[in-house]
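Okay, here's what each chain looks like letter by letter:
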Amino acid sequence: MTALASERTLQVVRAGPMSTVQDRGRPRWAHLGVPRAGALDAPAAALANRLVGNPPDAAVLEVTFGGLSVRPSQTVTVAVTGAPGPVAVDVRAAAWGEPVSVRAGRLLQVGTPTVGVRSYLAVAGGIAVAPVLGSRSTDTLAGIGPPVLADDDELPLGASAEPPASIGVAAVRQDGDPGRTGLRVLPGPRLDWFAEDAWTTLTRATYTVQAESNRVGVRLQGPRLVRSRHEELASEGIVLGAVQVRASGLPLVFLADHPTTGGYPVIAVVHPDDLWRCAQLRPGEPLTFHPA
Amino acid sequence: MHIDRVVRLGTDALLVEVPDSATATALFETARDRISVEDVLDIVPAARTVLFDGVADRDALAEEIAGWTLFPDDVAPARPQGESVDVPVVYDGPDLAEVADRWQMSVEEAVAAHSATEFTVAFCGFAPGFAYCTGLAERLHVPRRPDPRTRVPAGSVGLAGEFTGIYPSASPGGWQLIGHTGLGLWDVDRDPPATLPPGTRVRFVPR
Numbered sequence: 006m007t008a009l010a011s012e013r014t015l016q017v018v019r020a021g022p023m024s025t026v027q028d029r030g031r032p033r034w035a036h037l038g039v040p041r042a043g044a045l046d047a048p049a050a051a052l053a054n055r056l057v058g059n060p061p062d063a064a065v066l067e068v069t070f071g072g073l074s075v076r077p078s079q080t081v082t083v084a085v086t087g088a089p090g091p092v093a094v095d096v097r098a099a100a101w102g103e104p105v106s107v108r109a110g111r112l113l114q115v116g117t118p119t120v121g122v123r124s125y126l127a128v129a130g131g132i133a134v135a136p137v138l139g140s141r142s143t144d145t146l147a148g149i150g151p152p153v154l155a156d157d158d159e160l161p162l163g164a165s166a167e168p169p170a171s172i173g174v175a176a177v178r179q180d181g182d183p184g185r186t187g188l189r190v191l192p193g194p195r196l197d198w199f200a201e202d203a204w205t206t207l208t209r210a211t212y213t214v215q216a217e218s219n220r221v222g223v224r225l226q227g228p229r230l231v232r233s234r235h236e237e238l239a240s241e242g243i244v245l246g247a248v249q250v251r252a253s254g255l256p257l258v259f260l261a262d263h264p265t266t267g268g269y270p271v272i273a274v275v276h277p278d279d280l281w282r283c284a285q286l287r288p289g290e291p292l293t294f295h296p297a
Numbered sequence: 007m008h009i010d011r012v013v014r015l016g017t018d019a020l021l022v023e024v025p026d027s028a029t030a031t032a033l034f035e036t037a038r039d040r041i042s043v044e045d046v047l048d049i050v051p052a053a054r055t056v057l058f059d060g061v062a063d064r065d066a067l068a069e070e071i072a073g074w075t076l077f078p079d080d081v082a083p084a085r086p087q088g089e090s091v092d093v094p095v096v097y098d099g100p101d102l103a104e105v106a107d108r109w110q111m112s113v114e115e116a117v118a119a120h121s122a123t124e125f126t127v128a129f130c131g132f133a134p135g136f137a138y139c140t141g142l143a144e145r146l147h148v149p150r151r152p153d154p155r156t157r158v159p160a161g162s163v164g165l166a167g168e169f170t171g172i173y174p175s176a177s178p179g180g181w182q183l184i185g186h187t188g189l190g191l192w193d194v195d196r197d198p199p200a201t202l203p204p205g206t207r208v209r210f211v212p213r
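These protein sequence lines are chains A and B, in that order. Final position of the first sequence in this note's numbering is 297; the numbers increase by one with none missing. Final position of the second sequence in this note's numbering is 213; the numbers increase by one with none missing.
The shape of chain A in the complex, shown without the other chains (with noise of 0.2 angstroms):
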């Protein structure tokens, strides 16, 4: 082993559809057009570093539609919180949502959830990738910070400083149904660009979750909210779950990748407590707003 070769690393075996590395984000640099980005249910994340005695500002991994199997090099304890799924260590079936021991070279897979969307997985210690400008996430916007995860990628671990202690159970959050609950909603700084009664229609409706989401965004299907200013809106700053009404009278909501700045006009802004929600739907369930 040469002196550059972390001590403790994770084998990504199978990456699956779509894992990346989160932590909380990159905020401060917005001015230069960096996006946010960071884990998008970040309370799953939180929890899941919880459970392993990580400090709330470790990196995990965001597994979206499971598929991943890692293998680390050395005993570790994980955590697999958010959508909830299978977790097995080789071929024996695990918890979800409590702390884990994988054995150094032993197989650990986070399976297809049941419900939702992303899954995440802590390990202790943290996911030790080189931060940039300050954070350790992945954009899949602007493309800064790790790339998203490969099969035989080799992720460096961070040092576990102690036995994680033990955490009620809790602490696991009952998911719901972000359809049947919805999602509550400010308004937002263009309202006043929109007819009298989008905002009626906007938070009377039910929409429904389209396949192109992703991080920048859940893109909705449903009624078409009209606007009654029709000029170009000057690009201005975009807040996290802003709900912006692009050409077609689509509403979007932005997530953690969005741009920094927007020409469409934003009618509203999801409440940031029930953001988490949009990180678990799935494409084709119904979302509904309503006012916070």
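Read the hints as simulated data drawn from the structure, not as lab findings. Please note that a few of the clues may not be correct.
Listing some non-contacts, in silico: residues in chain B with all C-beta distances to chain A over 10 angstroms [unchecked claim]: (1) D10; (2) D18; (3) A28; (4) D48; (5) D59; (6) A103; (7) W109; (8) L142; (9) P199.
DEER-style ranges, computed between Cβ atoms [what the hints assert, rightly or not]: (10) B/D195 with A/N219: 43 to 49 angstroms; (11) A/P136 with B/S112: 38 to 44 angstroms; (12) A/P61 with B/V43: 32 to 38 angstroms; (13) B/A176 with A/G289: 41 to 47 angstroms; (14) A/A155 with B/S90: 38 to 44 angstroms.
Bear in mind that the values here come from a model prediction, so they are computed numbers and not experimental data. Here a beta-carbon is modelled for each residue, glycine too, at the ideal position from N, C-alpha and C.
We have chain A already, so just place chain B on it with the hints.
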């Protein structure tokens, strides 16, 4: 004070509307000087707005901003405080002849007009390090191409509306391309990573 309106959005953001990009740049620079990083997470200038995102106390910030004097004489924008950067340009873009045509000039005159202009980076967006440079006289503003190119090479210098911009990396794009530069615009190992952050004064120098 040249602030048109302060809009509260979401739970912790303020969007401040201003009459022009010079005021947006001045407000951004003043805010960066005066606001502690603990009080606001991100300050994002744009064409007619400045976004304050992740604000600890919105009412206090709105009140503070309203009390600022952005321009000492309250008439003309102060000269931006940023660095001055020369961007070497080979004026050979595929849209240069069409732009010169719109400006009712020869290609040589168009190059002279563009390179004689002192630009200011009003804001960044579209891609990390992509600087929206303002300064062109209004009669020289040109529309975007009706049919965006699927691939614009890195370093391309383009025009759209009041802006001149440089593509930091290859991407699709609808700007009118007038030339290219070899100047590096983005390096995450540098502080700041952008060569042309908001407030930078820019000259395009023919090569």
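Going down the list of hints, with the structure as the test:
no.	hint	verdict
1	D10	holds, 12 angstroms
2	D18	violated, 8 angstroms
3	A28	holds, 14 angstroms
4	D48	violated, 4 angstroms
5	D59	violated, 5 angstroms
6	A103	holds, 26 angstroms
7	W109	holds, 22 angstroms
8	L142	holds, 16 angstroms
9	P199	violated, 6 angstroms
10	B/D195 with A/N219: 43 to 49 angstroms	violated, 28 angstroms
11	A/P136 with B/S112: 38 to 44 angstroms	violated, 51 angstroms
12	A/P61 with B/V43: 32 to 38 angstroms	violated, 19 angstroms
13	B/A176 with A/G289: 41 to 47 angstroms	violated, 34 angstroms
14	A/A155 with B/S90: 38 to 44 angstroms	holds, 43 angstroms
In this structure, the earlier hints numbered 2, 4, 5, 9, 10, 11, 12, 13 are contradicted, and the remaining ones agree with it.
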